[in-house]
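*Asks:* Given next are the chains, with one letter for each unit.
Protein chains: 4
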Amino acid sequence: MKKNIAVVVYSRANFGRCKSLLHELKNSKDFKLTLISGASALTDRFGSSAAFIEKEGFKIDEKITCLIDSSEPEAQAITAGVSTIQLAGVLKKIKPDAVVLVADRYETLSISIAASYQNIPVIHLQGGEISGNIDDKVRNANTALADYHFVATKQSKDRVINMGISKNKVFNSGCPALDLLKSFKKDISLDVLNQSGVGDELDFNKPYFLISQHPLTTDISNSEKHMSEIIKSANKFSDYQKILIWPNSDAGNSGISKAIRKFREQDLNLDGWRFLLAIPPDEYAELLRQASCLIGNSSSFIRESSFLGVPSVVVGDRQKGREIGSNVILAKPSTNSLSKAIKKQIIRSGYKSNKLYGDGNASKKIINQLRKINFG
Amino acid sequence: MKKNIAVVVYSRANFGRCKSLLHELKNSKDFKLTLISGASALTDRFGSSAAFIEKEGFKIDEKITCLIDSSEPEAQAITAGVSTIQLAGVLKKIKPDAVVLVADRYETLSISIAASYQNIPVIHLQGGEISGNIDDKVRNANTALADYHFVATKQSKDRVINMGISKNKVFNSGCPALDLLKSFKKDISLDVLNQSGVGDELDFNKPYFLISQHPLTTDISNSEKHMSEIIKSANKFSDYQKILIWPNSDAGNSGISKAIRKFREQDLNLDGWRFLLAIPPDEYAELLRQASCLIGNSSSFIRESSFLGVPSVVVGDRQKGREIGSNVILAKPSTNSLSKAIKKQIIRSGYKSNKLYGDGNASKKIINQLRKINFG
Amino acid sequence: MKKNIAVVVYSRANFGRCKSLLHELKNSKDFKLTLISGASALTDRFGSSAAFIEKEGFKIDEKITCLIDSSEPEAQAITAGVSTIQLAGVLKKIKPDAVVLVADRYETLSISIAASYQNIPVIHLQGGEISGNIDDKVRNANTALADYHFVATKQSKDRVINMGISKNKVFNSGCPALDLLKSFKKDISLDVLNQSGVGDELDFNKPYFLISQHPLTTDISNSEKHMSEIIKSANKFSDYQKILIWPNSDAGNSGISKAIRKFREQDLNLDGWRFLLAIPPDEYAELLRQASCLIGNSSSFIRESSFLGVPSVVVGDRQKGREIGSNVILAKPSTNSLSKAIKKQIIRSGYKSNKLYGDGNASKKIINQLRKINFG
Amino acid sequence: MKKNIAVVVYSRANFGRCKSLLHELKNSKDFKLTLISGASALTDRFGSSAAFIEKEGFKIDEKITCLIDSSEPEAQAITAGVSTIQLAGVLKKIKPDAVVLVADRYETLSISIAASYQNIPVIHLQGGEISGNIDDKVRNANTALADYHFVATKQSKDRVINMGISKNKVFNSGCPALDLLKSFKKDISLDVLNQSGVGDELDFNKPYFLISQHPLTTDISNSEKHMSEIIKSANKFSDYQKILIWPNSDAGNSGISKAIRKFREQDLNLDGWRFLLAIPPDEYAELLRQASCLIGNSSSFIRESSFLGVPSVVVGDRQKGREIGSNVILAKPSTNSLSKAIKKQIIRSGYKSNKLYGDGNASKKIINQLRKINFG
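Sequences listed follow chains E, F, B and G, in order.
Just so you know, we're using the numbering used here here: the first sequence kicks off at 15 and counts up by one.
Just so you know, we're using the numbering used here here: the second sequence kicks off at 15 and counts up by one.
Just so you know, we're using the numbering used here here: the third sequence kicks off at 15 and counts up by one.
Just so you know, we're using the numbering used here here: the fourth sequence kicks off at 15 and counts up by one.
Quick caveat, the hints were computed from the structure, so don't treat them as lab data.
Treat the hints with care, since some could be wrong.
Same chains, same label: a pair holds when it works inside one copy or across any pair of copies.
Stated by the list, open to error - Only pairs whose alpha carbons sit at most 27 Å apart, straight line, appear in this in silico BS3-like list of lysine-lysine:
1. LYS69 to LYS346
2. LYS16 to LYS107
3. LYS168 to LYS354
4. LYS379 to LYS346
5. LYS69 to LYS239
6. LYS272 to LYS73
7. LYS109 to LYS239
8. LYS69 to LYS246
9. LYS17 to LYS107
10. LYS196 to LYS379
11. LYS109 to LYS40
12. LYS272 to LYS181
13. LYS107 to LYS272
14. LYS73 to LYS183
15. LYS106 to LYS276
16. LYS354 to LYS181
17. LYS334 to LYS73
18. LYS73 to LYS106
19. LYS379 to LYS200
20. LYS46 to LYS106
21. LYS354 to LYS200
22. LYS40 to LYS196
23. LYS46 to LYS73
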């Protein structure tokens with residue numbers, strides 16, 4: 015009988031992180047994929063990943079409407095509560111053999127609660143890493159509640175085992191996000207990005223910076239200031255076009271959005287800037303690959319970038335402690351520190367790809383392992 | 015300025031575990047105690063601990079009504095969700111300097127979420143231990159979300175540190191429940207227990223067994239059977255009176271209750287049995303101290319019992335992996351295994367007290383440490 | 015194409031009220047029945063109607079676990095909130111052509127919200143009546159949110175129309191609960207009731223009182239006292255056996271339960287008393303039919319009793335304002351008033367059946383109407 | 015002792031509707047005002063009314079974070095559920111003598127549930143009116159749950175009484191929103207509006223249209239189209255500046271926003287347009303007063319406009335059935351119908367003020383009545 019694996023996609027980042035795995039599950043005769051989406055993945059404001067998911071040919075079996083519309087920190091807890099209430103009933107009804115959840119966003123803890131409290135095995139991807147933000151705590155709490163662990167680095171594996179998890183339930187598969195980066199896809203044109211978002215039309219044959227900055231939930235009051243510094247710094251480099259992605263749904267995002275809006279409304283020099291809400295995973299992979307420099311605190315600027323060998327300037331404490339490749343320069347959220355770091359990166363010629371976060375075969379490794387597990 | 019410490023008491027077990035700390039906080043000029051109660055602690059069916067709390071002279075500042083009335087496992091998740099939603103708002107309003115939560119019951123994860131997602135420091139008592147049940151996962155998830163850790167054993171301290179927590183935030187205070195056991199209180203008479211519950215009037219100068227069995231949330235279907243075996247085994251020892259405490263609100267409790275009800279309705283030999291819903295902490299301490307044998311899977315039959323040196327038969331997997339003293343015999347939930355173990359214990363003369371879970375000064379140690387912490 | 019009609023059964027009373035309709039829908043080739051159960055209907059403590067429903071051959075398609083375990087009034091609101099959150103998602107997924115809900119219990123408002131806010135047509139049974147309790151408000155709020163109205167009396171029809179509802183959406187079908195009473199079912203033996211509950215074994219060939227008292231949510235503090243008065247009064251009539259049904263989940267039920275428990279634990283004269291948690295609809299119909307006198311405030315003591323012509327003593331304000339037949343005597347919740355009323359009723363010979371609440375063909379009328387409605 | 019009156023403000027519209035009452039309560043020695051805000055009133059996206067409230071000198075005592083971020087209809091139900099859960103606890107804690115709620119938005123039903131289920135008297139403003147949208151049902155459900163009713167028109171009073179409410183609990187006070195319109199406030203300059211929102215700087219001494227269109231929750235799929243028709247129609251009148259207010263949080267709002275965004279991004283002729291998120295009550299009153307024509311389906315285009323005698327074109331079915339003054343022309347949401355109606359209105363010279371919705375003394379009348387009520 016097919017194993018029914020429920021995968022929960024709750025944000026635009028989630029989808030990129032497990033897209034290759036979703037395809038493997040969908041295409042395998044050994045598994046039935048149950049796809050659950052919810053939270054910010056359903057929300058227009060955060061670039062409705064659900065639309066991307068369906069365009070990619072997946073059917074979303076269950077939708078969990080739970081994202082609280084607020085930039086205040088208590089909203090993160092309330093969102094998790096509302097998700098838990100709904101997901102508990104949905105999982106009870108579906109009775110999957112196991113539930114897959116990805117990484118460390120605040121909503122994901124509701125998934126591991128709803129499943130583990132009902133003795134449904136939890137499969138956690140990307141445990142054992144270190145970062146700043148509430149993410150760091152959430153990631154470890156997910157590890158504590160999960161039963162099987164597919165991690166992305168050797169150090170992560172050791173950390174998960176140190177947390178008391180049995181060795182034979184921890185597998186270093188690498189990060190499935192890298193599966194998308196493995197081969198250059200010729201048929202992907204970035205020109206489509208000129209059709210969404212607002213701002214100047216860009217020429218993707220010319221150099222550009224990719225900017226993506228999320229709030230630091232543990233230091234919300236500085237969100238706006240940090241984003242302003244990034245914009246100012248990037249704007250000094252007039253030879254480069256700039257693509258800026260709006261922040262995710264973390265508490266404090268209104269500060270970031272405010273900085274962007276102020277810049278757009280007040281600044282005269284918006285030449286070469288384009289502002290995007292969300293980007294489908296394959297286009298995002300290309301955008302990363304071809305960027306002259308990545309600037310911000312998206313975890314992809316560490317994980318995917320190291321595999322691609324793309325110069326990256328990682329800002330502030332959101333990714334504090336994460337393992338980084340030589341392509342990453344850490345910078346403080348000040349114009350001075352940022353400008354120096356960006357200058358260094360654009361002078362420096364290409365970095366070599368490294369396999370710190372995997373070799374691009376994660377989903378295959380995961381699915382092979384899932385075949386062997388007896389979920390009982 | 016006084017530090018405002020919010021302590022959350024969500025079950026009858028919680029109250030005993032932190033009663034001595036509540037007194038310390040209330041009586042100290044350095045702290046303001048904000049007492050939050052909720053979940054099964056407010057519920058008549060589970061022996062309303064709120065009444066005990068108020069009788070003890072505490073004011074409950076906030077009540078969180080969230081316990082779902084169901085013995086099904088999804089109800090545990092839904093209860094946690096409802097608690098998270100309410101507690102998030104309550105903590106936002108109170109803005110305490112820190113929130114204290116105890117141990118590992120499924121509801122407690124809502125406390126650590128509601129606080130940590132708002133960057134309110136979380137103080138966790140009794141992390142780092144090992145047990146069966148969903149408790150084991152919840153305890154570690156609480157550790158992951160908490161900021162300060164007061165553990166009860168040396169091994170627990172090592173485990174918490176291994177989980178990635180900074181050494182200087184982990185303190186081995188011992189378990190505050192033992193503070194209540196430190197000195198024999200002459201003024202406590204167990205005769206009051208004849209005024210609550212149902213069953214025979216007991217003579218507390220004569221020997222008795224204390225029986226307390228909770229469901230194993232990971233093996234709900236056997237709850238009834240295991241309880242029946244315990245009752246049958248205990249009933250063979252006609253020289254001993256039996257005090258049985260109804261189970262807590264964990265999923266599967268209806269199986270346990272059913273076994274008790276069937277016994278009460280069908281069995282002719284109910285001589286010497288008394289059935290109690292809940293017992294105030296001090297009376298419970300005395301009841302443990304004077305018991306001839308403890309039978310069941312209450313964690314107090316390991317923790318408190320080791321300090322007291324009282325013979326204890328711990329049944330099944332709920333406490334699997336927990337550190338035990340020499341006074342504990344582990345038994346399978348079968349009449350055969352249980353009868354043997356009970357027989358051994360009543361033959362054996364008194365065990366020596368051991369300090370495995372602390373020396374009875376936990377609250378003093380905790381409060382001294384809290385004085386030093388700058389919650390920022 | 016079949017019309018998909020979702021019927022929501024949230025309490026033991028609900029099931030009796032719509033059982034005949036459920037059968038009609040299930041057996042009709044024009045309809046697909048989607049059966050949703052939840053709240054106290056799923057809860058052992060309130061006599062799990064879900065078990066009765068399944069024994070009757072129905073499949074419960076969706077279960078909504080939402081009943082808060084508390085006798086405090088705020089719990090009624092929280093239960094409704096938890097139900098709304100879950101039911102919104104479930105109805106979105108099912109997309110029924112219409113949702114049927116019954117009467118006036120506090121949980122039912124969550125059904126009409128979850129459906130009407132999504133533009134799913136709401137079919138309300140038993141609107142337009144008058145009673146006390148929070149029920150009176152809830153019933154009218156349900157009418158306000160509903161689209162089609164099947165009422166039980168002529169006066170009710172007028173009242174619904176007066177509330178601004180278009181005449182052609184209000185149908186006087188009578189109450190479907192009476193459908194079960196229409197013909198005496200020979201194959202139903204009440205002896206099975208000796209196998210559930212606790213108390214004396216009864217002889218159903220001998221006369222008995224049926225007692226069912228629920229709290230008055232608007233006067234919770236007197237719940238216990240009123241129940242005591244009823245028990246005392248009934249106990250004076252030693253020639254009659256007494257069947258008492260535990261109260262429903264309304265706020266204040268713990269007062270009623272307390273009165274019953276005190277009576278059971280303290281009173282010596284328990285001869286001839288039997289205490290039941292819940293009774294399947296057909297057995298309940300027989301129990302009503304053969305009773306010497308009904309005592310309490312169950313609405314069935316007015317509705318069903320008038321059809322059956324059974325003597326009934328309706329106590330207090332819970333049913334205040336409801337249309338009554340000549341078989342009903344209203345009494346105050348005092349021993350004096352109650353004893354007089356009971357005495358009158360047992361002297362009085364049988365009342366004639368009256369059709370105040372319908373002629374026993376309600377479900378047929380409802381389903382015929384549903385066939386004609388274009389839910390669009 | 016002062017009567018503690020809790021007023022719940024859940025949207026920007028709510029605040030304007032009860033601002034004058036809030037001042038009366040705050041300034042009276044007979045009352046203690048407890049101000050509760052929540053839902054879209056707290057949300058930046060909908061123009062955070064909370065900021066206006068605090069700027070006006072009020073303290074918000076409790077904040078209820080509950081708005082689900084979604085334009086789908088089920089989100090309206092889930093928002094109501096989350097609000098109910100939180101508000102139940104907050105009202106239990108506050109124990110106000112009564113709770114005031116305004117009108118008919120979908121969230122407001124959670125207020126009447128949370129209060130009435132706890133027997134806290136509910137005071138409802140603006141019952142008995144007729145409109146389209148889910149509002150019509152919600153308004154009547156609020157009436158059903160409320161205890162005291164302050165209505166705005168004679169017809170409304172009759173309708174509330176017809177719904178079964180006792181005459182002596184229904185008072186025709188008129189609408190408190192009109193209190194703000196009573197006297198022309200010289201010190202209010204509309205120029206501040208050029209400092210918020212985006213678009214052209216306007217000259218408020220020159221003529222302008224005020225446009226405010228909300229979704230029709232019962233016909234969500236046409237939201238975008240209807241808004242487009244309005245924009246196109248208004249844009250034909252190049253002699254008039256246009257002020258457009260973004261839609262409220264009703265399901266379907268994303269369609270409206272999309273139409274506006276498309277217009278802004280694609281249209282060349284944006285001359286004279288300004289787009290605003292929210293406007294404080296006094297500025298809004300002035301903006302209404304001085305407008306050449308109001309276009310859309312805001313209820314203020316009927317209520318306030320009739321008092322002011324401002325020409326108004328009310329579009330579509332959202333306000334269907336509401337009593338209107340002679341200053342209102344109803345139009346279909348098509349360019350043709352709209353253009354005709356607008357042309358008529360700008361030709362027509364000023365209308366006379368009429369008192370259909372009150373005489374501008376509502377708050378005084380309400381507070382005088384509240385003094386007399388014994389909330390018991």
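*Asks:* Between the shortest in-copy and the shortest cross-copy C-alpha distance, which are at most 27 Å for LYS272 and LYS73: within, between, both, or neither?
*Replies:* between (35 Å within a copy, 25 Å between copies)
*Asks:* Pop the pair LYS106 and LYS276 into one bin, within, between, both or neither, using alpha-carbon distances up to 27 Å.
*Replies:* For LYS106 and LYS276, the Cα distance exceeds 27 Å both inside one copy (46 Å) and across copies (29 Å).
*Asks:* Quick one: LYS109 to LYS239, C-alpha cut-off 27 Å, is that within a copy, between copies, both, or neither?
*Replies:* between (46 Å within a copy, 25 Å between copies)
*Asks:* Should LYS40 paired with LYS196 be assigned to within, between, both, or neither, using CA atoms and 27 Å as the limit?
*Replies:* Within. Shortest intra-copy distance 20 Å satisfies the 27 Å Cα cut-off; inter-copy 55 Å does not.
*Asks:* What label fits LYS73 with LYS106 when the C-alpha limit is 27 Å: within, between, both, or neither?
*Replies:* Close inside one copy (20 Å) and across copies (16 Å); limit 27 Å.
*Asks:* Please work out whether the CA atoms of LYS69 and LYS246 approach to 27 Å or closer within one copy, between two copies, in both situations, or in neither?
*Replies:* neither (36 Å within a copy, 32 Å between copies)
*Asks:* At most 27 Å between CA atoms: does that hold for LYS109 and LYS40 within a copy, between copies, both, or neither?
*Replies:* Intra 18 Å, inter 26 Å, cutoff 27 Å: intra and inter.
*Asks:* Using 27 Å as the alpha carbon limit, work out where LYS73 and LYS183 are close: within a copy, between copies, both or neither.
*Replies:* Neither: 30 Å inside a chain and 38 Å across chains, both beyond 27 Å.
*Asks:* Between copies, within a copy, both or neither: which fits LYS354 and LYS200 at Cα up to 27 Å?
*Replies:* Neither: 34 Å inside a chain and 54 Å across chains, both beyond 27 Å.
*Asks:* Regarding LYS107 and LYS272, is the shortest C-alpha distance of 27 Å or less found within a copy, between copies, in both, or in neither?
*Replies:* between (42 Å within a copy, 26 Å between copies)
*Asks:* Which holds for LYS16 with LYS107 at a C-alpha limit of 27 Å: within a copy, between copies, both or neither?
*Replies:* Both: 17 Å inside a copy, 24 Å across copies.
*Asks:* If the cutoff is 27 Å on CA atoms, where do LYS168 and LYS354 land: within, between, both or neither? Let me know, please.
*Replies:* neither (32 Å within a copy, 48 Å between copies)
In summary, the structure is inconsistent with hints 1, 3, 4, 8, 12, 14, 15, 16, 17, 21 from the numbered list given earlier, while agreeing with the others.
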